[in-house]
Amino acid sequence: MNGNRAWSWIVILLGSLYFLLPLAGMFEFSMRMKRDGYSFEAYRVVLADPQFQHTFGYSIVLALLTIVLGALIVVPTAYWVRLRLPSARPVIEFITLLPLVIPPIVIVFGYIRIYNTSSILPLTGSWWGTNILTLFGYATLALPYMYRAVDTGLRTIDVATLTEAAQSLGASWTRILATVILPNVLISVLSGAFLTFAIVIGEYVFAALLNINSFGPFMVWMGGNRAYEPSALAVIAFIITWACMGLIQLVTRFSKFSAARR
Amino acid sequence: MAFLDINHLEKSFGAVHVVKDFNLAIDKGEFVSFLGPSGCGKTTVLRMVAGFETPSSGSIRINGQDVTNLRPNQRNIGMVFQAYALFPNLTVAQNIGFGLRVAGKPRAEIDDRVADMLKLIGLPGLDERYPFQLSGGQQQRVALARALAAKPRVLLLDEPLSALDAKIRVNLREEIRLIQRELGITTIFVTHDQEEALSMSDRVVVMHQGIADQVGTPFEIYNRPATRFVAQFVGTLNLIGASVIDAKAGKIKVGDVPVALNRALPITADGKVSLALRPETVSLGRHEGRNVVLSGRIAEVHFLGSVIRVRVQVGGEFVSLDTFNRPDAPPPEVGSTVQISVSERDLLTLAA
Ligand SMILES: Nc1ncnc2c1ncn2[C@@H]1O[C@H](COP(=O)(O)OP(=O)(O)OP(=O)(O)O)[C@@H](O)[C@H]1O
Ligand SMILES: [Mg+2]
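Chains as they are written, first to last, in the UniProt record's numbering: chain B, 1 to 262; chain W, 1 to 352.
One chain only, chain W, in its complex shape (with noise of 0.2 Å):
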């Protein structure tokens, strides 16, 4: 039986349904994501899981406990908020020890702990600050701290990286992924933002209309999206639009080229379907084992530093495709007629 146990979750607010039929099994030790655009419930799901709010139907168990109709303080759960949330009365060290006191540890074990938490996220030395005193990325730290000082069983953070500036960001999102590896503790990261999820977490939920549309690994979601918003959501994707000839043989047509995709298709009324394609997948000019060869016209040419990134207009469809930027061959000319060529394995059939 998993660690966190969520089973069939509903939550609403008034009339609103905010989240629907919410499941998600999560081991111990594993780091999960939620993924989704603003307003999908990401943060609903966190928030009934520390006992914020009360879910209309459904139950959340911790370690074999049931915890649903628990309070927020008697949960055991470390929270990081994206707005920190420190108490701004207290010092650093306090702040880290808060939960240590509350549970009324002896002062030498509390003065112990703050240490190791300190030294834990690189801060020592700054035990008598007050939150003022510090930074953005700092404050951010020392909440991490304090969430973890008293051993929860699990680790909620909501955004946490969100009010950061870029730099910060991308240590802070390391440093918390080594912490959290160290220490071993499940835990749950909400975020909007797909590179945070893919490159942080053991597994990635991708949320939707407050329903979980995928839950996998980031390399499956990646690769492997289940839905057309998963797609449209994780990285950057061509839609492009082919006529089904035989749908069991898995025979289309894209534009004047006809393709095996040695695949069932499902069976559309108009006979048409739309196929996804990563733009890494797609190449300039002909390739062995890129069976589909479509000409196009350059549309638009973005210079990204190691990658080029192109837009071709093949019939009515555009396709962006990135190569690598080679210092002996200059970025092709805009208007110029291509060939781009993909391989029928990366044409990705999506269920609506």
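For reference, chain B alone in the conformation it holds in the complex (with noise of 0.2 Å):
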């Protein structure tokens, strides 16, 4: 019994060194910009380069795009395959996971070949065409975890009969996914979107192929240019992705009406 412990407890140990102390050791590295001792030089750096200003500024506004497509791609489909086609769940469920399965740089070739500039639709070939691409792509790399967390969220409620309400009381579709299934998968739609937010901020091979000037380029460009200011980048990377999962756990925890369902 004491025996098991001790050897939980060492497991434990093992585990969080393995994960931390690479952390720890970029963290220290990142203070060391400064000859005499430790100093957040190197974040100042970074945050006052205008570079990653702009970059970072566009992948939060994409990644905010991506959410909202994300979410009005995802909400109408569960509900309705809830609803209508509980018998197409499995072949839906599948096709959203299919981004986790083929990797993101075979979908960016296909979506290069398909929409070039010598294609019907020469989407690459003009800077709102690539970012209409890029959109599209991202929101596609979200399906798995959104359309996952909406599901969920959607068992939790009663959604023919709350929808058989609804439309007694005079509602029309819109009306019934806006006021009665959205607000109650709310949460749901939010932790699918902040790990969403994580993936789109740090996102590479889809930025690169298609040349868009976003935030992970620029972590990879300075990764070889810099040496100081990459750890830093990287640090703050992680602390984004972390108050996303902290912003996760506080909005389930805090939202009013559903408190008795926890």
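Don't read these hints as lab results, they were simulated from the structure.
Computed from a predicted model, the values in this text were never measured in an experiment.
Where is the CB? At the ideal position from N, CA and C, for every residue including glycine.
Do not rely on the hints blindly, as some may be mistaken.
Unchecked claim - Reference listing, derived: stretches of chain B covered by chain W, where coverage requires no fewer than 3 residues with Cβ under 8 Å from a Cβ of chain W: (1) 151 to 161; (2) 164 to 175.
Claimed, not checked - Chain W side only, calculated, beta carbon under 8 Å to chain B, not exhaustive: (3) Ala50; (4) Phe52; (5) Asn73; (6) Met79; (7) Ala83; (8) Ala85; (9) Phe98; (10) Ala103; (11) Leu118; (12) Ala150; (13) Ser306.
Assemble the dimeric complex from its two separately framed chains, guided by the hints.
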């Protein structure tokens, strides 16, 4: 009994070391830009870099748009599947999982083949086209997380009866989606959204191959050309990811009306 | 013409014929119950009236308007579900006001109406609560208020009391009936509880395997059941066999006792007929005006409080009867020989 306990603590300790040591080392390194002791100089330089500001801002906008687009695709789909096509659920689930199975590089090469400048829909030929293509690509990447989160959220409410209740009160489909379904799965949408945010912010393959000016390529470029700043950037990216995770927890805990369900 | 008119309604799910030639005319302000065993199609008929299912054939008219092909959100029908189905993300007030908001009513009007409805269901002051902060009975009241707030033409309730405790169930059913009378709203109430149906309704539709076996007032349904199914499903019923002596003149023999029913009987091949009688029409001992007297042996005695239910073995058959409990007369003993009497007018002959 006691021996077992000791062992589990040792395993936990080793695990923590495995994860935390590189982080600590990177953090420590990022603080050594100035010769005379630790400082946040590297962070100051990174944050003041206009290139950082531009790419980071761009990626944030892209991430937010991806979340909106993803929610617009996923919520009605998951709702409809639950309501009218329960037999199609395994198929839809499989489709949404494809982006996890097919490497992004394959997807993006496919895009480039289909939407290149000599195709019927030459999206890659213009700034707008490229951005829209990227947006849709990212929405695809977000599918596995969004769909599962929303589908799980829908399971906690009686979709069919709530729909009928709203219908008998005169509500149209859009109204039902906006005022009955969406608010009840908002927490799930948000938890899917934060994951999406974290993914889009650091995404490299799509950005590099479609040649857009986002945060991912900027990080890589910096990694190849500077010493201390990349570590500072990595720490920043890491903090963003963890902040997203924290927000998922927070949002889940502080929803007013679902307190009873937990 | 009736306010709600259901004509030759049919519904099949694939090969399963669930509702068969269902006809019903309901007057404005009438309270009608659908009563029947599980799976007989009560919910299906109700859902077709609400527009959630499309009839295979037949028509539904409300106030002269054919609504058969209207979508549910165009029908202006209030619906109350067994599982309450309140919107969990909305407060009580927002739930009640939902239909009015959908209809685009001005804010002040919605607030007034919500306050009125809260008063009507006896829950003033709970407007800011969320559904999960309410008891089941309170939730169902709110669901009722929500269904009524937008002044629907018809109110449909699908076993609204089944999920509640016995005591709340009785209270709430009285309240529903009061509110329904006050508003004068045409109502269909689905239940498989006969007591509910008989005590609340203006008329009861007894359903059996997708067919409306009988439509009538609770009094008619109970006292003059049209089919054997209705007789057996509603209330307790004794069935005893008799042999027909003269079908035209209505002369039969119960055991060795000749009985003159004074009404024509259906002619059966084997010369037998089965008679139905309610426990409360049979009494122990001989009584003035109860001409059919049979002898038997007490088989069981159940003390139910104000009433004592006795099972008497008569020949090869059992007859249940009810007597009132009187403190000065203890219940009869099991095994003792007794005489029971019944008036020939209480012997019902049932069509198959
Ligand atoms: N969507 C459906 N698809 C296939 N069969 C159905 C469907 N809905 C109902 N049925 C069948 O129709 C029959 C009648 O169902 P219905 O729900 O109307 O019964 P009910 O009288 O309301 O019973 P209960 O008292 O149990 O609610 C049942 O045999 C049921 O299995
Ligand atoms: Mg039912």
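Those earlier numbered hints the structure runs against, lowest number first: 11 and 13
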